[in-house]
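Student: Take a look at the letters that make up each chain.
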Amino acid sequence: MSVLVYTESENGKFKKNSFEVASYAHEVAKQMGTTATAVSFNASDNESLSDYGISKVLNISNEKLKTFNAKAFADAIEQAAKKEGVKLVILSSSADTKFLAPLLAGHLKAGYVPNVVAAPKSTSPFTVKRTTFSNKGFAFTEINTDVKIVGVSNNAFGIIENKTAITIEDFSPTLGDNFGTKSVEIDKVVGKATIADADVVVSAGRGLKGPENWGMIEELANILGAATACSKPVSDLGWRPHGEHVGQTGKPVASNLYIAIGISGAIQHLAGVSSSKVKVVINNDPEAPFFKAADYGIVGDAFEVVPKLIEKLKEFKAQNA
Amino acid sequence: MKILVCISNVPDTTSKINFTDGDTKFDTNGVQFIINPNDEFGLTRAMWFKEKQAAVVHIATVGGPSVEPTMRKALAIGADEAIRVNAEPTDGFFVAEQLAAIIKDGAYDLIIAGRESIDYNGGMVPGIIASILDMNFVNTCIKLDIEGANVTAMREIDGGKERIATILPLIIGGQKGLVEESDLRIPNMRGIMMARQKKLTVVEPIAASNATKDTKFEKPAAKGTVKLVDSVEELINLLHNEAKAI
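Residue numbers (this note's numbering), protein chains in the order written: chain A, 1 to 321; chain B, 1 to 246.
Just so you know, these hints were derived from the structure itself, not from any lab. Mixed in with the good hints, there may be bad ones.
[Said to hold, decoys possible] No more than 27 Å apart at the CA atoms, straight line, and that leaves these computed lysine-lysine pairs for DSSO-like:
no. : chain 1 : residue 1 : chain 2 : residue 2
1   : A       : Lys163    : A       : Lys192
2   : A       : Lys292    : B       : Lys2
3   : B       : Lys223    : A       : Lys277
4   : A       : Lys182    : B       : Lys2
5   : A       : Lys163    : A       : Lys16
6   : B       : Lys161    : A       : Lys13
7   : A       : Lys312    : B       : Lys244
8   : A       : Lys312    : A       : Lys292
Starting from the given sequences, assemble the full structure and let the hints guide the process.
Tutor: Following this line, the structure appears as structure tokens:
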């Protein structure tokens, strides 16, 4: 009765969050006195999971599952869970996984708790800590069903190495031909960090005065290998795409470093970024509420500070390359 | 086309969050409640279907009598009828089972829910309904067009978007993008007056159990004071040597 973890891959390679959920699964399995089994789809690097405490992989190779489909993936994970007789399934917080998680919960009649930030506080009763009220609070949530599903927040538990002997077993779930929904077209930026998995996020607000001034934000993000983001007013004004809007009604950010430029820090925005570890604020208004929620701040005009920061970061990167 | 919009009654986005009863309950004292923003984008899109494609729009909420002002607001915006399931919405699985029962009885073609409520952030109600009723499902839906039974939906993915083809009956987890912020409607006096006359049916919950229970809440630890620096060199130095963030 091991713990099952769904390790997500893209173009045959595991995504970074897979190593985090694998690490989490190992920790919970240890607490429960059992082992962690992963289920992977068309991944070519299954062995790499042995670094993060996974002792068995159910390897699914199936042409029908080349493109993500929530129903098909949920069906396959459900079959893997039943085959292994697991009572606990660990998932990530990616958009795809949050899409399939409730379908899986429905099929397994499992209590599902998303946005979990730490290893279980207790395994009997099974209690986990999660964010709630859009990151304005935490809840300790008990799961009372026989089968349980835990969705781990991005970048909260961390990637922890645990070299483990691994066996890889082919697994062929039985799948229908019609999953109800069909992917027609995927429009995705390639080769650029996304808000969901970036270590660094550079975000800007109305202080930038207009969309034409985003060049320096892009450049700063580029140097740091960062994703770009924006405040709600900026996305509502159409200066930047909705996908960049972070905050309570936009995306949550849980990066290591969050740099906010020309964002005053409305309570909804602060909630959305509160899971980021280190926050830097650049704003010309020393009274901006964001300074109260930040670790480091520069009071100054973005149009002066950011170009200087770009120049000095280039020098820093050259020295520390 | 018959549409059901699932509405959650949530604290206003500007609310400060506090807990009471030994940190076991959300403190509603002084909190104003609104239509969950993710649901309001969906409701507004439903109004478009009503006006352009002659859809009938019902709303449903799981909650006690105190949620009715929020439901009346949805009626004032233009929904035709409302159904309240008279139970506290304490668990996503429980709420999904209640709504699934309403959907089954009402023979709806399209169910619009929000991707998550901004209070308990379960993000599971539409997906669990889809699995209970074996219905097509699109989550984080940012665009929705319907021709007959054929649906084209756009969903937000990490780093981009995906266009999906599917058919009715369908349930979506919606969010901003279904309509723009500027499309949201403030009820006018006529709408508010009419909403008072519209049918609001109260039904008792079906037997269902809670899969989870929030046993205790906690507020985030207070933030230390910000370190203000004068130069970008100093900032880079601190980020590198102290915060180890670059």
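Student: Has the given pair, lysine 163/A with lysine 192/A, been kept, meaning a C-alpha gap of at most 27 Å?
Tutor: violated, 30 Å
Student: Within 27 Å, alpha carbon to alpha carbon, are lysine 312/A and lysine 244/B?
Tutor: holds, 17 Å
Student: Does the structure keep lysine 312/A and lysine 292/A at a Cα separation of 27 Å or less?
Tutor: holds, 26 Å
Student: Holds or violated: are the alpha carbons of lysine 182/A and lysine 2/B at most 27 Å from each other?
Tutor: Holds, at roughly 23 Å.
Student: Sort out whether lysine 13/A lies within 27 Å of lysine 161/B, counting only the CA atoms.
Tutor: Given that 27 Å is the threshold and the Cα spacing comes to 21 Å, the pair holds.
Student: Hint check: lysine 223/B vs lysine 277/A, CA-CA at most 27 Å. Holds or violated?
Tutor: Given that 27 Å is the threshold and the Cα spacing comes to 11 Å, the pair holds.
Student: Take the C-alpha atoms of lysine 292/A and lysine 2/B, compute the straight-line distance between them, and say whether it is at most 27 Å.
Tutor: Violated - the C-alpha atoms of lysine 2/B and lysine 292/A are around 48 Å apart, more than 27 Å.
Student: If you draw a straight line from the CA of lysine 163/A to the CA of lysine 16/A, is it 27 Å or shorter?
Tutor: holds, 17 Å
Hint violations for this structure: numbers 1, 2, all remaining hints satisfied.
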